[in-house]
Amino acid sequence: MRIQVRRTGGFAGIERQAEVDTSGRADASEWHALAERAVAAGRGTPPVGVPDGFSYRITVDGRTVYCADPRLTDEQRKLISRVLKEGA
Amino acid sequence: MVPGMTANRGFEPVFCTIVPPHVLDRLAQAEDPVVHGPARRTLRRDAYERTQRRLTTVVGAPAVAAPAEAEPGKPRRTVYDARHRTALPGTKVRGEGDAPGRDATVNRAYAGLGATFELFLKAYSRDSIDGHGLPMDATVHYDEDYNNAFWNGEQMVFGDGDGEIFLDFTIPVDVIGHELAHGVTQYTANLDYFGQSGALNESVSDVFGALIKQYTLGQTAEEADWLIGAGLLAPRVTGKALRSMKEPGTAYDDDVLGKDPQPATMDDYVRTGRDNGGVHINSGIPNHAFYLAATTLGGHAWERAGQVWYDVLTGGELGQDAQFTDFATLTVEAARARFGEGEELRAVTKAWERVGVRTL
Chain A
1 MRIQVRRTGG FAGIERQAEV DTSGRADASE WHALAERAVA AGRGTPPVGV PDGFSYRITV
61 DGRTVYCADP RLTDEQRKLI SRVLKEGA
Chain B
1 MVPGMTANRG FEPVFCTIVP PHVLDRLAQA EDPVVHGPAR RTLRRDAYER TQRRLTTVVG
61 APAVAAPAEA EPGKPRRTVY DARHRTALPG TKVRGEGDAP GRDATVNRAY AGLGATFELF
121 LKAYSRDSID GHGLPMDATV HYDEDYNNAF WNGEQMVFGD GDGEIFLDFT IPVDVIGHEL
181 AHGVTQYTAN LDYFGQSGAL NESVSDVFGA LIKQYTLGQT AEEADWLIGA GLLAPRVTGK
241 ALRSMKEPGT AYDDDVLGKD PQPATMDDYV RTGRDNGGVH INSGIPNHAF YLAATTLGGH
301 AWERAGQVWY DVLTGGELGQ DAQFTDFATL TVEAARARFG EGEELRAVTK AWERVGVRTL
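For the record, the sequence lines run as chains A and B.
Letter 14 of the first sequence, counting from 1, is numbered 14 in my numbering, and no numbers are missing.
Letter 343 of the second sequence, counting from 1, is numbered 343 in my numbering, and no numbers are missing.
Bound-form chain A, shown alone (with noise of 0.2 Å):
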């Protein structure tokens, strides 16, 4: 499973991105887990979001979902911030 997330806006509007590719993981449940829920709550357009928030852009195997802070679920705020600071 590959997830990708990216994200935009803030206060710096300075973007970023990172990917995880679960094949072989020891820990690829979990990553699997952890990633469906997060795709079942989001959203197939970007919502608008609060000044300075970050918006943010999910993509698990090419299906692609978009959330915005603060409304994020424990499990997409959980998903995001282990992408961005695991991924490459």
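I should point out that these hints are in silico values taken from the structure, not numbers from a laboratory.
Glycine is no exception: its CB is placed at the ideal position from the N, C-alpha and C atoms.
Treat the hints with care, since some could be wrong.
Listed next, the stretches of chain B that the computed footprint assigns to chain A, with coverage defined by at least 3 CB atoms under 8 Å from CB atoms of chain A [claimed, not checked]: (1) 146-155; (2) 170-182; (3) 268-277.
Once you've looked at the hints, dock chain B against the given chain A.
Relative to the frame of chain A, chain B by itself:
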């Protein structure tokens, strides 16, 4: 779009983010009261908050009566601590009039709210964000290593930064002023947070953020650094701030952050769908126009250039979907209305010419 709605029309109270709405709907239909009770309460509260918020934005000023102890012309500040979690507002740690505590972040936020209140009151006779003494709330220590600050439609939220790229977002007073100015914009022109109107929304926040810093330091336009977010970048980052109103595009140039993408003139206007249509990028153009007008006039920038910008923001003529040309034209009219056919009018007209924005 519906008149009177805010740019934050998608905003709903934060407790909704803990459980997604479709899950709440399902739980509310459960037979077991232990399950459906809290879900139904949350949905009722959600609907109530949403209605309140719609009313607030449609009617304008909130219909909340000021508490008995509230005095006109005095701030009502509350700083909350999210304790590195994301529930808002968090735990109250300092109220109006409370003595400073040991947490420097809390003290900076409290002082920054005070500085912002002071500028709007003294320079423009505006009583708080909404002009009617709205309490000023800020939450600090939001999330972990959080590299951002934002206005959620009701309050300011500040992260601590990760220490690698960004430091604590309460360090620059102009960042605090910037977030509060989003509140002022929401209660006045309510510029749509997308494309050129969004870049104007951002620019207005940078302008008043910079003015709050200058007012606090007693600086003239010549003495000011015209930087947004000076002191926010971690030591290892190559850069002096996040944005420069004096020289847009020169605030940073770093291996990790990349290069400051801001244009100074319409020749370099960036067309993009990202960042709500480049709201933090193209704001460089109106930012630079303000800098040019303010430095041409000299002296305290909040007194003349700032007054003209404030008049446009609050004058009722600026549309929610205003483009650069609309805003520029209104500043020329406002300069004439307030100062007559003088150097203010010439400075403002010339500033827009130099950044390539047409005035009608």
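Hint check results:
1. Look at the stretch 146-155 of chain B against chain A: 7 of its residues bring a Cβ nearer than 8 Å to a Cβ of that chain, three or more, so the hint holds.
2. Check on the stretch 170-182 of chain B: 4 of its residues sit with their Cβ under 8 Å from a Cβ of chain A, so the three-residue criterion for coverage holds.
3. Evaluation of the coverage hint for the stretch 268-277 of chain B: fulfilled, as 3 residues show C-beta separations to chain A shorter than 8 Å, against a requirement of three.
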